[in-house]
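Line order of the protein sequences matches chains A and B.
So in the working numbering, the last spot in the first sequence is 1551, and the numbers never skip.
So in the working numbering, the last spot in the second sequence is 363, and the numbers never skip.
To be clear, the hints were calculated from the coordinates, so they are not data collected in a lab.
Keep in mind that this is a model prediction, so the values were computed, not measured.
All residues carry an ideal CB built from backbone N, CA and C; glycine is no exception.
Treat the hints with care, as some may be off.
Claimed, not checked - Quick look at which bits of chain A chain B covers, simulated, 3 or more residues with Cβ under 8 Å: (1) 1493-1503; (2) 1524-1535.
As the list claims (entries may be wrong) - Some chain A residues well away from chain B (every beta-carbon gap over 12 Å; in silico): (3) Asp1470; (4) Gly1481; (5) Val1486; (6) Thr1509; (7) Arg1517; (8) Pro1541.
Claimed, not checked - Short derived list, chain A residues pointing at chain B, Cβ under 10 Å: (9) Asp1467; (10) Asp1471; (11) Arg1477; (12) Arg1506; (13) Val1508; (14) Leu1510; (15) Glu1512; (16) Ile1551.
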Amino acid sequence: MSGPDSLDDFLGVIRAELGLDLGVRDVDTELVNIPDWDSVYLLRLVTLLEERTGRRVSVRAVLEARSLGQIHALVSEAPPAETPAGPRI
Amino acid sequence: MTVPGNSTLGPPLGEPVEVGVRGVAWERVRADLTEYGSALIYARLADLQPEVPDGAELRGLLGRDWSRYLDLAHPDVRNRYATSRVLLKYAAGAVLRGDPDALELAYGPTGRPYLRGCDQIDISLSHTDDLLLVGLTTRGLIGVDAERIDRQMYGSGLGRHVCTPYELVTLASLTEEERNPSLVRLWTLKEAYSKAIGQGMQFRFTEFGFGPDGKPVRVQRPDGTAGTGDEWAFRTFLLDSGYCVSAAVYDAGFGHVQDTDITTMLDEDCVETIASALEEEDARADAPRGARGPDRPKDVEDPDNGAQGSSTGRADEVSPPSRTDRASRTEPH
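Input sequences plus hints: build the corresponding full structure.
The structure is reproduced here in structure tokens:
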């Protein structure tokens, strides 16, 4: 499965799927400084990235990330999932 | 959505009260706290923001949060941060009948807010979109959360990270139009509970759950069996503005505090000791000069001169506060 390994693809997922107008300028911005960013967006992003990369992303690790750049780094390093994702609920 | 008061479990909870910085709604908040031991307060950001002061007055209100406020770069984020803290302080000031400026917000290791020195009240804060929500309780712990009821959650894959296996089955059994609002309700309940226990999302949402709407609500284990008892109360309300609001209240069993006034929540022994010292001081002041004892330092005789008597370990050598500033100089517990 191909996924948003590049930063541009990663930001593209955020724009297209979450509807947040974020770009390269926002990569190092602290998440608390991004208007509207919240825990629902965070979990939706984790879900999207898992689906697109086929990797299991640690929610606990993502919760500790302070910027989108850090989340991208976590996803890039994530190991492949042992079981495929279930139905979309 | 849940009908207010439908749950027979845990302490009761009134409906959320809409407030401004000033206004008669605060009387209802105080009445709710007296009657239920808890109160829910909400305000619209757009309504409240014009009432929030700026400059030195805002700095005074924010206290230690001022530096955090300055660190926030985006104006929208800063405004919401300031407005939510101001609401929280006015809410606490209203129920404690204290000066909001004098109340200090502090944060626990997981970011859970509390009022330093006022542990008779527990607080919780949530904001989403243009809604600000505050929960207050004298019963023990409280957590609150709000989301727009039409926020799209179901079908986005979130369920795998949010729901227990039992909840997934329950959601799937609902009609299509019921599924999304039901998942929003579950989300707010989970957020409220995890805030109340100070865990936030560190406590995985898939490891605890809630039953369907319309029945007494309690925390469930992943298989749907009961995980908490009557010590917890959970309520969900649907505001006319389209927000789903949930609250979790833990009754620590210390009894129902009827009077939360900051000046009556002082430690009784401490107050008694201070009052006794003041009476002794007054008696000395009224007594003839020779009856005051030969070794009394002169600076103790005049409480207004700012001097503290030389310290030899004698309680009566410490200058007590004057009558006029007694209350303001006494730290609440």
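Status of the hints after comparison with the structure:
1. Only residues whose C-beta sits within less than 8 Å of a C-beta in chain B count toward coverage, and the region 1493-1503 of chain A has 7 of them, enough to reach three; the restraint holds.
2. Three residues within the 8 Å Cβ limit are the bar, and the region 1524-1535 of chain A against chain B gives 1, so the coverage statement is violated.
3. Every C-beta of chain B lies more than 12 Å from that of Asp1470 of chain A, the closest at about 22 Å, which supports listing it as non-interface.
4. Here Gly1481 of chain A does not stay apart from chain B, with its beta-carbon only about 10 Å from theirs, under the 12 Å limit.
5. The beta carbon of Val1486 of chain A is kept farther than 12 Å from every beta carbon of chain B, the shortest such distance being approximately 17 Å.
6. Against the 12 Å criterion, Thr1509 of chain A falls within the reach of chain B, whose nearest CB is about 4 Å from its own CB.
7. With a minimum CB-CB distance of about 14 Å to chain B, Arg1517 of chain A clears the 12 Å threshold, and the non-interface call stands.
8. Every CB of chain B lies more than 12 Å from the CB of Pro1541 of chain A, the least distance being 18 Å, so the non-interface label holds.
9. Nearest Cβ of chain B to the Cβ of Asp1467 of chain A: about 20 Å, over the 10 Å cut. The hint is violated.
10. At its closest, the beta carbon of Asp1471 of chain A sits 18 Å from a beta carbon of chain B; the interface hint therefore is violated under the 10 Å criterion.
11. With a least beta-carbon distance of about 16 Å to chain B, the hint placing Arg1477 of chain A at the interface is violated under the 10 Å criterion.
12. At its closest, the beta carbon of Arg1506 of chain A sits 6 Å from a beta carbon of chain B; the interface hint therefore holds under the 10 Å criterion.
13. Because the smallest distance between the Cβ of Val1508 of chain A and any Cβ of chain B comes to about 6 Å, under 10 Å, the interface hint for this residue holds.
14. The criterion of a C-beta within 10 Å of any C-beta in chain B is met by Leu1510 of chain A, whose closest approach is roughly 7 Å, and the hint holds.
15. The interface hint given for Glu1512 of chain A is met, as the beta carbon of that residue sits about 8 Å from the closest beta carbon of chain B, less than 10 Å.
16. Interface hint at Ile1551 of chain A: satisfied, since its Cβ lies 3 Å from the closest Cβ of chain B, which is below the 10 Å cut-off.
Of the numbered hints given earlier, the model fails hints 2, 4, 6, 9, 10, 11; all others are met.
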